[in-house]
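Chains A and B supply the protein sequences, listed in that same order.
Just so you know, the first sequence maps onto residues 28 to 319 in my numbering.
Just so you know, the second sequence maps onto residues 2 to 320 in my numbering.
Simulated from the structure, these hints should not be mistaken for lab results.
Computed from a prediction, not measured in an experiment: that's the story for all the values here.
What you were told as hints is all true, and nothing was included just to trick you.
Okay, the calculated bits of chain B under chain A, using three or more residues with CB under 8 Å as the criterion:
| # | stretch |
| --- | --- |
| 1 | 83-95 |
| 2 | 170-181 |
| 3 | 215-222 |
Note that beta-carbon positions come from the ideal geometry of N, C-alpha and C, so glycine has one too.
These are the residues of each chain, in order.
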Amino acid sequence: MLSLSEKVMKVIFLICGLAIVLFLAGILFTLLSNSWPALREMGLVPFLTPGRWNPGAYGEPTYSLFNMIYGTFLVTVGALVFAVPIGVAAAAYLAEIAAPWERELFKPIVEILAGIPSVVLGFFGLVVIAPLISRIFNIPSGITALNGAILVGIMAMPTIITLAEDAITAVPKEYRNASLALGGTRWQTIWKITVPAAFSGITAASLLGMGRAIGETMTVLMVTGNMIAWPESFLDSVRTLSAGIAIDIGDVVFNSTHFHALFVAGLLLFTITFIVNLLADILIHRNPEVNK
Amino acid sequence: MNQKRWLTFAGIVFLAAVMLLTGCGGQQAADPVETPDNGDAGDDTPEEAQESVAIMLGGSDSEVNVVARLAEEYMNDNPHVSIAVTGGGSGVGISSLIDGDIDVANSSRPMRDSEIADLEANQGEDAYAVRFAVDGVAVLVNENNPVEELTVDQIGAIYRGEITNWSEVGGENMDITLYGRQSTSGTYVFFMELVVQGEYSERKRNMAGTSDIVEAVIGDVGGIGYAAIGYADEDGVKALSVAAGEGSQAYDPTVLENVTSGNYPLTRPLYQYIAGKPEGALLDFFLFEVSEAGQAIVLQEGFYPITAADIDFNKAALE
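Here chain A stands alone, though its shape is the one from the complex (with noise of 0.2 Å):
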């Protein structure tokens, strides 16, 4: 039987569960309803075809995300192909090799780094990283996508450490005492045994950063230079949606296409977000090996 205080604490605890469901109907809403006009007045097409976003245009406006798209990727990619090997090797260390002393001292750290805020990893982009950028390849600006995919790694960084760490102590003790018991070495437990088994949690944390990354606003806006044309390289300047979207939204006339097609890009953003986050999370629920 429960008591009163019980059932009252159960409803309590179930709005604000409901509460959170709520939340993101309503910015799904927002962004549908906000989206819909500059939808129905040029459908979905020309946001997704090669062409230019141009809606402050001397002639006709464009309002075409393409490359913005394509920036987004870059930023991403680069950020996750040194984030991911780095992330998941600090992860094995922890989580095998490291002695209890050690993991106390660095796992605060690895907090202390997720807690940078964005803004102050993009000054110290635009101050530090992009002179170096501009020296070592010889190029007249270190305002590039490299630079921001830099500053997006170090930021999914915590996120894969932690997701990652988790998902190999998870990891069966059976199996790392059979790879020893066989006279593996340590380093070959960890490599061929432990990484593998906990391959599915190790994917999720790096598809996590990766959302992270795809979202990842300030930093972009301020390092990469947000150009719109079709970037050349890693060393070119791009834009990606999200700093699109926050360069554009300040002062663009309220209710004008323009307004809507800047949602149109959330919308987009929201839906690659939603599709990565989602596969995450069944990665994360379907881990055989561990749950067996």
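Could you slot chain B onto chain A? The hints should help.
Just chain B, lined up with the frame of chain A:
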């Protein structure tokens, strides 16, 4: 376990769909402007000075802040007058004036002849204009760039992407990196109409604010950017002298006199348009704007005081 998750997901989608269907009519509530119900009182009842008067101004986004400041100061001394200022762009302001929705259109460009004709046809009044401030833009390059001056045409070609190397305009053999603002910026439009006169190059890098442009040009020896004249004396950048055309003299925008005399070409007067000659509170407000106190506010807000030519121009409306 899995089934439960999908149920939750379905629940979210269902909730979203319900909200979408029930919420469709709610869009109108989002309209931003609070409208005083008697918008044109300022024109009709000028005589009774103590009767409360409402004036509506709208239009240019670059003018919104400075006009709002001016209105605030004016209302402090004249509590019976209430002034509302909205943005939307010069074009929006002018068409609202033609429709009679507002009393004053803020515009950073002169009205077109067709618009003046429309105003006469709709309101039965002539268009009168006041120039109350001057807006100016400096073209910035890195201090280590030997180029000192360019013509408006050359700057336009650079920003259209037709000139891509400094050697083409008498500088070193070095690629030009373009820096500018986003499309909703007033300076973006001003620069596009006055200098670029076409589409900006796709390779222009859009910075989030004017100080980011300055920062980028400081760090990029081949960079070029534009900014309000107030930014021109930052360390690490220099403002180019600009000539109106080939063969004419180039003027340095950091010398205040070159701007106020109208010799520096990248300036424009900011206008306010009204239907019919201003009277009463409206006239009083305009006189405050062009007074010494009003012009001091204009300068504080990052614009320039009007010139002798502008004062001459204003005579038609204010005398």
